[in-house]
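Q: So the sequences go chain by chain: A and B. Heads up: the first sequence at position 315 corresponds to 325 in the working numbering, and the numbers run straight through without jumps. Heads up: the second sequence at position 367 corresponds to 377 in the working numbering, and the numbers run straight through without jumps.
Hints may contain errors.
Copies of the same chain look alike in the list, so a pair counts if it fits in one copy or across any two.
Stated by the list, open to error - Straight-line alpha carbon distances no greater than 30 Å define the calculated BS3-like cross-link-like pairs of lysine-lysine that follow: (1) Lys12 with Lys559; (2) Lys271 with Lys12; (3) Lys354 with Lys511; (4) Lys544 with Lys527; (5) Lys559 with Lys518; (6) Lys242 with Lys457; (7) Lys544 with Lys354; (8) Lys559 with Lys354; (9) Lys511 with Lys123; (10) Lys544 with Lys457; (11) Lys559 with Lys457; (12) Lys559 with Lys271.
To be clear, the hints were calculated from the coordinates, so they are not data collected in a lab.
There are 2 protein chains.
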Amino acid sequence: MKFTIGVDYGTNSVRAILVRTSDGREIGTAVVQYPSGREGVLLDPADHNLARQHPGDYLVGLEESIRGAIAQASAFQGFAPDRIVGIGVDTTGSSPLPVDAACTPLALLPRWKGHLAAQCWLWKDHTSHEEAAAITAAAVRLRPQYIAKCGNTYSSEWFWSKIWHCLNTAPEVFDAAHSWVELSDYIPAVLAGVTRPEDVRRGVCAAGHKAMYSAEWQGLPDAEFLAALHPKLAELRPRLYDVAYDASHTAGTLCEAWAEKLGVPAGIPIAIGEMDVHYGAIACGVTEGTLVKVMGTSTCDCAVVPVGSAVADIPGICGIVNGSILPGHYGIEAGQSAVGDIFKWWAEVVCQGDSRLHAQLTAEAAAQRPGEHGLLALDWNNGNRTILVNPRLTGLLLGQTLYTSRADVYRALVEATAFGARAIIERIREYGVRIDRVVCAGGIAEKNAVLMQIYADITGCTMQVAGSSQACALGSAISAAVVAGEHADFASAQASMASIKDIVYAPKPENARTYDKLYAIYRELHDAFGGVNKAADLSSVMRRLIEIKTAATTPAAQAEPRSPSRPPAEADLAPA
Amino acid sequence: MKFTIGVDYGTNSVRAILVRTSDGREIGTAVVQYPSGREGVLLDPADHNLARQHPGDYLVGLEESIRGAIAQASAFQGFAPDRIVGIGVDTTGSSPLPVDAACTPLALLPRWKGHLAAQCWLWKDHTSHEEAAAITAAAVRLRPQYIAKCGNTYSSEWFWSKIWHCLNTAPEVFDAAHSWVELSDYIPAVLAGVTRPEDVRRGVCAAGHKAMYSAEWQGLPDAEFLAALHPKLAELRPRLYDVAYDASHTAGTLCEAWAEKLGVPAGIPIAIGEMDVHYGAIACGVTEGTLVKVMGTSTCDCAVVPVGSAVADIPGICGIVNGSILPGHYGIEAGQSAVGDIFKWWAEVVCQGDSRLHAQLTAEAAAQRPGEHGLLALDWNNGNRTILVNPRLTGLLLGQTLYTSRADVYRALVEATAFGARAIIERIREYGVRIDRVVCAGGIAEKNAVLMQIYADITGCTMQVAGSSQACALGSAISAAVVAGEHADFASAQASMASIKDIVYAPKPENARTYDKLYAIYRELHDAFGGVNKAADLSSVMRRLIEIKTAATTPAAQAEPRSPSRPPAEADLAPA
Chain A
11 MKFTIGVDYG
21 TNSVRAILVR
31 TSDGREIGTA
41 VVQYPSGREG
51 VLLDPADHNL
61 ARQHPGDYLV
71 GLEESIRGAI
81 AQASAFQGFA
91 PDRIVGIGVD
101 TTGSSPLPVD
111 AACTPLALLP
121 RWKGHLAAQC
131 WLWKDHTSHE
141 EAAAITAAAV
151 RLRPQYIAKC
161 GNTYSSEWFW
171 SKIWHCLNTA
181 PEVFDAAHSW
191 VELSDYIPAV
201 LAGVTRPEDV
211 RRGVCAAGHK
221 AMYSAEWQGL
231 PDAEFLAALH
241 PKLAELRPRL
251 YDVAYDASHT
261 AGTLCEAWAE
271 KLGVPAGIPI
281 AIGEMDVHYG
291 AIACGVTEGT
301 LVKVMGTSTC
311 DCAVVPVGSA
321 VADIPGICGI
331 VNGSILPGHY
341 GIEAGQSAVG
351 DIFKWWAEVV
361 CQGDSRLHAQ
371 LTAEAAAQRP
381 GEHGLLALDW
391 NNGNRTILVN
401 PRLTGLLLGQ
411 TLYTSRADVY
421 RALVEATAFG
431 ARAIIERIRE
441 YGVRIDRVVC
451 AGGIAEKNAV
461 LMQIYADITG
471 CTMQVAGSSQ
481 ACALGSAISA
491 AVVAGEHADF
501 ASAQASMASI
511 KDIVYAPKPE
521 NARTYDKLYA
531 IYRELHDAFG
541 GVNKAADLSS
551 VMRRLIEIKT
561 AATTPAAQAE
571 PRSPSRPPAE
581 ADLAPA
Chain B
11 MKFTIGVDYG
21 TNSVRAILVR
31 TSDGREIGTA
41 VVQYPSGREG
51 VLLDPADHNL
61 ARQHPGDYLV
71 GLEESIRGAI
81 AQASAFQGFA
91 PDRIVGIGVD
101 TTGSSPLPVD
111 AACTPLALLP
121 RWKGHLAAQC
131 WLWKDHTSHE
141 EAAAITAAAV
151 RLRPQYIAKC
161 GNTYSSEWFW
171 SKIWHCLNTA
181 PEVFDAAHSW
191 VELSDYIPAV
201 LAGVTRPEDV
211 RRGVCAAGHK
221 AMYSAEWQGL
231 PDAEFLAALH
241 PKLAELRPRL
251 YDVAYDASHT
261 AGTLCEAWAE
271 KLGVPAGIPI
281 AIGEMDVHYG
291 AIACGVTEGT
301 LVKVMGTSTC
311 DCAVVPVGSA
321 VADIPGICGI
331 VNGSILPGHY
341 GIEAGQSAVG
351 DIFKWWAEVV
361 CQGDSRLHAQ
371 LTAEAAAQRP
381 GEHGLLALDW
391 NNGNRTILVN
401 PRLTGLLLGQ
411 TLYTSRADVY
421 RALVEATAFG
431 ARAIIERIRE
441 YGVRIDRVVC
451 AGGIAEKNAV
461 LMQIYADITG
471 CTMQVAGSSQ
481 ACALGSAISA
491 AVVAGEHADF
501 ASAQASMASI
511 KDIVYAPKPE
521 NARTYDKLYA
531 IYRELHDAFG
541 GVNKAADLSS
551 VMRRLIEIKT
561 AATTPAAQAE
571 PRSPSRPPAE
581 ADLAPA
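Kindly generate the complete structure, drawing on both the sequences and the hints.
A: The structure is reproduced here in structure tokens:
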């Protein structure tokens, strides 16, 4: 009996699980909340686009979560730590962090510890929207192939936008950084005892989806292109990487120091790091024809197509990358910038309730028929990742009367995210990729049958739920089992270790008919405010509001007298 | 020392005040809440457009409020009931009620008491939107002059729409009605002891603004036009009225029965009834160049232009009527369908707070700079009365992020109503009517300095506040003082009895600059969703949502099984 560890770095916490390689059975798990910031995220009260994380939290969490999972597993008959044969890691992304020449994150050095730019730039940091727009414009002009596979739009959430924004706004940090490492590459490198950035084995998942890496053009964007953005980005390029690897490779083997810390055999293989959802898709049994949606604060959608198939570039999709999910397959990634976060905003920020209020609003919403509340919302409170790729879009709620209840709005927001999901599915299908069923993972999918039925009714797809509550961590453990040689390949590992729950949410035709009408309205608003419909173009509206907001909150404006009602800075780091 | 009584019928209660005719000093007041329905309004849980009132509440309220005001005034040195020389009445409108041949409201007869169609059709009842559209269409085709003075659009809130809707949906009530009387005419008639509908002195205020009455075409719409709507409306016409009167006339004199009930001298004159805001405008010192805004659940705006001036028809305005406010002046009426109601919806329905929450949200909103919340709302939760005249428009909120607070939205909703106010002011000015200053009346104006400053900043107008907290009732008392001969005319009565508070809200240029940008966005959305901008036309969006909602809540849909979570019917009448 052999076991592997899967470690999943989320937005607010890290989780480790221990699973049996023969059948994927989970025998131990532990979660560690990041101690810094607000729920693990460093914020800037003056700029809601900013979201950073302290790398020290990752190391504390790595040790504590794995030790916790092992401790829990020790009661399991047949388990012993020396039967652990591999470790896999997945993380959020693109979450790059600046490191020095010893591969130490700058934020772990006393000099930089308190500097927000020296932290890990969390996936949902949108401060670099201007740089993203400039990269898109430069690529359209100079290297259209670089962004053809990521929807022709480079995102503010991604690697180069963030590094360039650091260079533009905190050049002292940029200059102090020897290299930049994705979190999904950094953690495996820590476990492998890597002490030089050039020895970090980079995964093709983050590289291909977030950093415009492709074997087609021998690696990252070329120096000439980077120099056109900024000469210092071209200078950085040789200190990054030339090759990135899929999950058929290892990131290295467990070093003595971490083996001792964790009580795990040294020398066991460490799987290549992938982004959370990509490994989660593996645990949901992703194969051609299955769309995996990992639903949490935001949603990430994954599909695969065997290499050798004709795959067109799909506008607005986050990327089509060879090997980013499964070796031998193109990985297709899409996503919604906010899903659970929108429900949380409504129930907790606006209605100031807690999890019980979510349950109550869900129950009230469940009593309604489609269309009964008269509302329509756009799911853009955190921008739109797919298919508009525009972080500067904002939320919209329409149709409210003097009688509109909080449950009405809650249901409308659930529907809005389902409409967003449908827009993604339709876009992928338009370009010839099969989607026969949707498998969802994450707490929302497991707990909220009302939402799942709404998703089925709106998308017209059969919805299923992952067998594991920890699909991302399980996918990491599956990848570890493959590189440990416990399974011949991913297909056989998935057959043994992945699972799907029995419950199936099928679309109800009478609901689908109403939702088709509502989706038509959603698309009308989506296209008008998203700038797709040039005839009824309201695409400047949300941007202009943000510009006015920015002007109202610039330092110059803040110099004027005002009431002292601002919240205190929440960027305080937890004690090391 | 002489005194008059002013009685003001609001949406939820009736108030009587006793004032000294020499200086308008208020020496007694009493308020009576209507006992029936929810806060005095009879509702239909299946149709949010419905709003009725039980006429019995009016009579109970008339007696109790006047007696209460007199009781309070009895402590005042120099007052005695026999020094009361006149009574004036104002009410909401258009609030027509069906009466029998003895001028008894049908709803006071046992047979009809429980029938919603037999009650008073409250101003904010929007059930007759289809009839309103049909009247507009017929008038455009057959009698454009009938609606040229009311913005070329006949409203679902008005007299003929409501009567026709009664005919279409409750023909038994229509057939049982000998005539229909506006509430503002009914109460003075009750005081005068009128026992036949043909003896009711109708005021030109409701007649001209709500019933397409004009001396130009010898009264109400002609029988041929009404027959084109429905033959039974033409048959009703002779049982209505041919002449309507301005406030230089009386509605009659106090009858013995009511004199005895009230303890007031019989035979004193009763002023012609006007709608609340029109008399309120008089108490705010309305003259050429002053716009009076009476702000409450909704807002009504009044201005006057001397008869003899060239006054164009103003599209989207509720009416331009000779004598509707002041004798010898055209009265111009406009209005916003919901103002205080929108703040109440947010703070009480969504945030489930009370008046303290209003105060807290106002304080938090006050700490913000214009534009800082990044939001923009349309103030259409109850439709748009002026300038779009479309009750089937609904609310819109745009710009929300995951951090948008309830105070952010509260401020955005206040601003939305101010943008709506600006749209009205701009429309009136476009057609050559002077507006030099705005005088506001009502609790919101008195209590909410933050809102008043926002209104000044957004409209660019100096904002002032009425001297009396009971401007409408005071205006009624002023009119009573004129017909009682205590003042030679309205100008001298206003000079003695009307007043304005010392505080002046002047626009702040730096705020106005930001608000000009936000107003441009408001207009862009207003014009797109309101159907003004035919290029970027989203005007069908809100209507289609209402149609889908209606389909989801029709009896056929309700026959399907559903959860039993509907509220109970709230149309129960208070005991007689």
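Q: Which earlier hints can't be squared with this structure?
A: Hints 1, 6, 7, 9, 10, 12 are the ones this structure does not satisfy, whereas the remaining hints hold.
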